[in-house]
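**Student:** Listed below, chain by chain, are the residues.
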Amino acid sequence: AQSVTQPDIHITVSEGASLELRCNYSYGATPYLFWYVQSPGQGLQLLLKYFSGDTLVQGIKGFEAEFKRSQSSFNLRKPSVHWSDAAEYFCAVARYNNNDMRFGAGTRLTVKP
Amino acid sequence: DVKVTQSSRYLVKRTGEKVFLECVQDMDHENMFWYRQDPGLGLRLIYFSYDVKMKEKGDIPEGYSVSREKKERFSLILESASTNQTSMYLCASSLRQIEAFFGQGTRLTVV
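Top to bottom, those sequences are chains A and B.
Position 86, counted from 1, in the first sequence is what our numbering calls 86; the numbers after and before it change by one each time, with no gaps.
Count along the second sequence starting at 1, add 1000, and that's the number in our numbering.
Hints in this document: simulated from the structure, not taken from any laboratory.
One thing to keep in mind: the hints can contain errors.
Ranges between beta-carbon positions, derived for each pair [claimed, not checked]:
# : chain 1 : residue 1 : chain 2 : residue 2 : range
1 : A       : 112       : B       : 1003      : 47 to 55 Å
2 : A       : 14        : B       : 1080      : 47 to 55 Å
3 : A       : 16        : B       : 1027      : 34 to 42 Å
4 : B       : 1060      : A       : 42        : 20 to 28 Å
5 : B       : 1027      : A       : 108       : 25 to 33 Å
6 : B       : 1084      : A       : 66        : 32 to 40 Å
7 : A       : 56        : B       : 1030      : 37 to 45 Å
8 : B       : 1059      : A       : 10        : 34 to 42 Å
Keep in mind the model is a prediction, meaning the values are calculated, not measured.
Glycine included, C-beta positions come from ideal geometry on N, C-alpha and C.
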C-alpha cells in the first residue's frame, strides 16, 4: 500500500518568515497528492492538490507545493507566514484509479509573533 | 458547497457498548471514508466504500465494521467498544480521487 511520511512533527516559525513543510511518499506509480490543513477542533480543509502537469501547484491562502518525482516528495511552501496559519498540516496520497487515500502523521505549525 | 455531516461532535460510551457513528454527505459522492485520528499517528484509514453496499478494509479495521445502505450515508460501528477506541473519528467523501471533503469529526470517549 502507499504510504506518506512527514518527517517534522512540530515546526515553529516567526510571523513573516518563510515556511516549508516536508512530505515524502512511497508509491510505485504516479500518485495523486494533496495537502490539507486542520485548525483546532475542525475538520480538514484542502489546501492544494497535484494530479499531473506542472509540478508546481498553487493553492489557497498563499500556499504552493512542488512535486519532485525523483525525490518522491511533495513539499508545501509559503513565502510569508501569518499568525492565522498556525494549525496542523497533513500530506495525503491517493492511487490512480483507486478509491483510497492515505495520510501522513501531520506537522503541527506554531507561529511566533 | 459540499457538506459532510457527522451526527455527533462528542460521544461518551461505556466499555462493551455497541456504538454507531453516522455520516451523511449531500453531494452524491461515490466514495466515503472513515478515519481515526490520534496524536502523532495522523489519520489512519479504517474502512472505505466506493459504492452502496460495497466496502473495503483500510489499515486498521479490527474492532470496527461499516454499513452503506444508501449512497449518502456511511455508518461506522464499534461492535463492542473498548477504551483503546477512544479517539477522534473523521468521515470523508469524495468523487473519485479529486478531493476528499471532511466532516467536523466525532470525539469518542470510551469509559
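**Student:** Taking the Cβ atom of residue 1084(B) and the Cβ atom of residue 66(A), is their distance within the range 32 to 40 Å?
**Tutor:** 39 Å, holds
**Student:** Verify the CB-CB distance for residue 56(A) and residue 1030(B) against the hinted window 37 to 45 Å.
**Tutor:** Violated - the Cβ-Cβ distance for residue 56(A) and residue 1030(B), about 30 Å, lies outside 37 to 45 Å.
**Student:** Quick one: are residue 14(A) and residue 1080(B) within 47 to 55 Å, going by C-beta?
**Tutor:** Given a distance of about 49 Å, which is inside 47 to 55 Å, the answer is holds.
**Student:** I want to verify a distance hint. Is the separation of the beta carbons of residue 16(A) and residue 1027(B) within 34 to 42 Å?
**Tutor:** 38 Å, holds
**Student:** Determine whether the Cβ-Cβ distance between residue 112(A) and residue 1003(B) falls within the hinted range of 47 to 55 Å.
**Tutor:** 35 Å, violated
**Student:** Given the range 20 to 28 Å, decide if the beta-carbon distance of residue 1060(B) to residue 42(A) lies inside it.
**Tutor:** 23 Å, holds
**Student:** With respect to the beta-carbon atoms only, verify the hint that residue 1059(B) and residue 10(A) lie 34 to 42 Å apart.
**Tutor:** The hint (34 to 42 Å, Cβ to Cβ) is violated, given that residue 1059(B) and residue 10(A) are roughly 24 Å apart.
**Student:** Between residue 1027(B) and residue 108(A), does the beta-carbon spacing fit 25 to 33 Å?
**Tutor:** 30 Å, holds
Hints 1, 7 and 8 from the list above are not met by this structure, while the remaining hints are.
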